[in-house]
Amino acid sequence: MTAPPLALLAELTHRCPLRCPYCSNPTALTRPGEELDTATWSRIFVEAADLGCLQIHLSGGEPTARRDILDLVRAASTAGLYTNLITSGVLLNGTRLDALAEAGLDHVQLSIQDAEPTSADRIGGYRGGHAKKLAFAHLVTEAGLPLTLNAVVHRQNLDRLPAMIDLALELGAGRLEVAHVQYYGWALANRDALMPTRAQLDAATATVEAARTTHRGRLVIDYVVPDYYATRPKSCMGGWGQRFLAVSPAGRILPCHAAESLPGFDFPDARTTTLRAAWEESEAFNRFRGTGWMPEPCQGCARAEQDWGGCRCQAFALTGDAAATDPACALSPHHALLALALEASDRAGEGFTYREPGRLPQPAPVLPLA
Amino acid sequence: MSPETVPKLARGMKLREDKTRAQWVVLGPERMFVPDEIALEIIRLLDGTSSLAAIADALAARYSAPREEILADITTLLDDLAAKGVVTA
Ligand code: SF4
Ligand code: SF4
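Listed in order, the protein sequences are those of chains A and B. Under the numbering used here, think of the first position of the first sequence as 5, with each following residue one higher. Under the numbering used here, think of the first position of the second sequence as 13, with each following residue one higher.
If you're looking for bench data, these hints aren't it; they were derived computationally from the structure. Be careful, since some hints might not be right.
Below, simulated BS3-like cross-link-like pairs (lysine-lysine); rule was C-alpha separation at most 30 Å, straight line [said to hold, decoys possible]:
#, chain 1, residue 1, chain 2, residue 2
1, B, Lys96, B, Lys20
2, B, Lys96, A, Lys238
3, B, Lys96, B, Lys26
4, B, Lys26, A, Lys238
5, B, Lys96, B, Lys31
6, B, Lys20, B, Lys31
Remember, predicted model here, so these are calculated numbers, not experimental data.
Bound-form chain B, shown alone (with noise of 0.2 Å):
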């Protein structure tokens, strides 16, 4: 994924919460993802219009952390979901 990249839950994908394991899941057919709290933040942020560069400049803000870095992090993050079907671009 480069940062102009709109990457999304991939088709069929469903955040949902599991209330009886105290924990948020992404569903699909035959499939279950527990994202961590840092993917768990990303994939919130999905919202179908906001590119990798967007997203990164949204968290550098929220963190007051390096963009750069954040860019480099995010990337790899969503290319593993990917790979897993969990996003796409």
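Chain A with its partners taken away, still in its complex shape (with noise of 0.2 Å):
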């Protein structure tokens, strides 16, 4: 038997009036026209708590660009589901948020670009949007709602982390998730702007660690590491198929939000497959369970069920197999990629390719293996 989910992550649409450099959404956008509807969706979030699944992140894009937002928040409390909304906030406005509290909504996770207005309204590409997340923010403390503070950070925000740091205890976050920026999909294509230095990455490392003993009890942080820097990699997702299933605005099931972009996939489509039949018996999410399908050196290796081979859609963005070791691991015979991308990182410029529908970016070559 496979052991159920514990989290749905529902990408409701890939509309946003942002443009980060680094988001996470494919970098072939999908249409409005194409987005499931929300009978479709309330359905799945019945299907997601039947499955096993305890929290629901309604995501995008900006999931508030959604004009049945609140229906569709209801419809996944309803379901039992501990309701999170992860949002830019410059959508919303006090009554619509209080709408969303009353309609069940249990967590506020707000992304910011920067602590510094017009670096932070440069990185989300959107003019005026830091000040406009400052009063969502308030707005969700006044509605009695938790609030995390969400901060991707990278070479040209790092050095302000301890003014974010301060900006989360000022607006009266519970949570701050710190995030170095993951090398896929838009990412990737602005890799070389984005890229810390290894001081930046000690020193942000120090002031979490020191940030985390001063402010115990009063701000928890989380700490998304990253792998360029590292010798092992992270666990994806709690391992592919194990934890987390993600939906996209088109209706698929995935095992991780950046996994559409993989070839040679089919994804079951949630139109026509249940969440169930999907995480049980779908050949994608069976694929790169478990330890079975794994390469040398991860096959026999003892961290095999710590990290599960590190993340798929980084080995297939550095070597072009989504079935390759992580290159982030040491052991991998493509770790020195990584060393070659923070070298080209060292002379590269600041501009952005931003995150816009019908743009694709320029795929960064696949380096040569030295």
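Fit chain to chain and form the complex, with the hints in mind.
This is how it looks when you write it as structure tokens:
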């Protein structure tokens, strides 16, 4: 028996007023006309709860760009799921937020792009966005909802991490997520402009550790470390098809939100397949489940059931083979690619390819093995 | 925490039944905590008005056990849950 998943990531739409250059959405964005309707999403939420999911993350794009967001929150909450809204906060006013709380919303996760307004607006590609976010954060706490601030960090904002921590405290957030960029999709196209330096990374890690002690009991800080300076990969999603599933705006049922861009997969369609069938029986979910699929050097490695061979999407992005050992692992024959990427970013400028519909970035070249 | 402290589930934390896995869980943002039987019983007594002392009284009566021992035990347990961010004073 396959153990049931704990959480569903529902990517309600790819529409978003922001244009973050590290956006985790696929580079081929789904058009509004292809999005699942209210009834289908509501059925998916019930199926998720029946399958064993306890939490749901309503995400996107910008989930509140959906006109039926109120109905969707109510449907998720009625299904018994702990309902988290992952938002950029620029589209909601107080009245609508109160209505969402009323409908059963349990938690709000607000993204910020920086602590410094001009830089934040430049990174998000949306003028006035930062000010709107601050106003929105106040509305969240006024509505009595718990708030997490999510800061994606990289070379162009990492020096202001202490200010971002202060901002989280000032806004009354109970939790701060500091996440280094993961390089696939849009972020891979912008890797050279985003990659932090070793010194920045070390400073950030020290800042997080000190802040955790100083603000214990007041602010929880979750820290997602970057892969490019690592010698062992992260356990991506707690293992392929083991804890999480995601549904894309057009209804693809995925083991991870980034998986849609992996070639050679037939991901189940939520319009015609139940979540249970997708989770338990589909080839896509079973392909990288467990350890049987693993290549050398993962096969038989003592860490095989800790990191599950790392991230499949990163393996594909860097080696062209989704079934390869994640190059973040020093034991991977492709590990040297990371050092090459670091060197390249060292000489690179700060310009971005912004995330925009219909604008495919040049795929970053798969570097040849030295 | 002291005997006068009134502990409650931290903001955003919800106690829910997990029928699929036949257990109770405390859910929070990106967090899940599975209380053991004793922790679960104490979490259920957190009504936002009862102090630690009152909870110890209730448990002492229920199990006809020495109150001071219970108070010490639940103080340790709740301090631990507070450090994990599950409860607050
Ligand atoms: S990362 Fe930025 S562009 Fe992408 S969905 Fe979030 S707010 Fe929108
Ligand atoms: S060889 Fe594979 S299983 Fe072992 S540490 Fe590296 S990625 Fe993890």
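Hints, one by one, checked against the model:
The hinted pair formed by Lys96(B) and Lys20(B) meets the criterion: a straight-line CA distance of about 13 Å does not exceed 30 Å. Using a Cα cut-off of 30 Å, the hinted pair Lys96(B) and Lys238(A) holds, with the two alpha carbons roughly 23 Å apart. Of the pairs offered as hints, the one joining Lys96(B) and Lys26(B) holds, with about 14 Å between alpha carbons and a cut-off of 30 Å not exceeded. With a C-alpha separation of about 29 Å, the suggested pairing of Lys26(B) with Lys238(A) holds against the 30 Å cut-off.
Distance hint between Lys96(B) and Lys31(B) is fulfilled; the C-alpha atoms sit about 24 Å from each other, no more than 30 Å. Between Lys20(B) and Lys31(B) the CA atoms are separated by roughly 24 Å; this keeps the pair inside 30 Å, and the hint holds.
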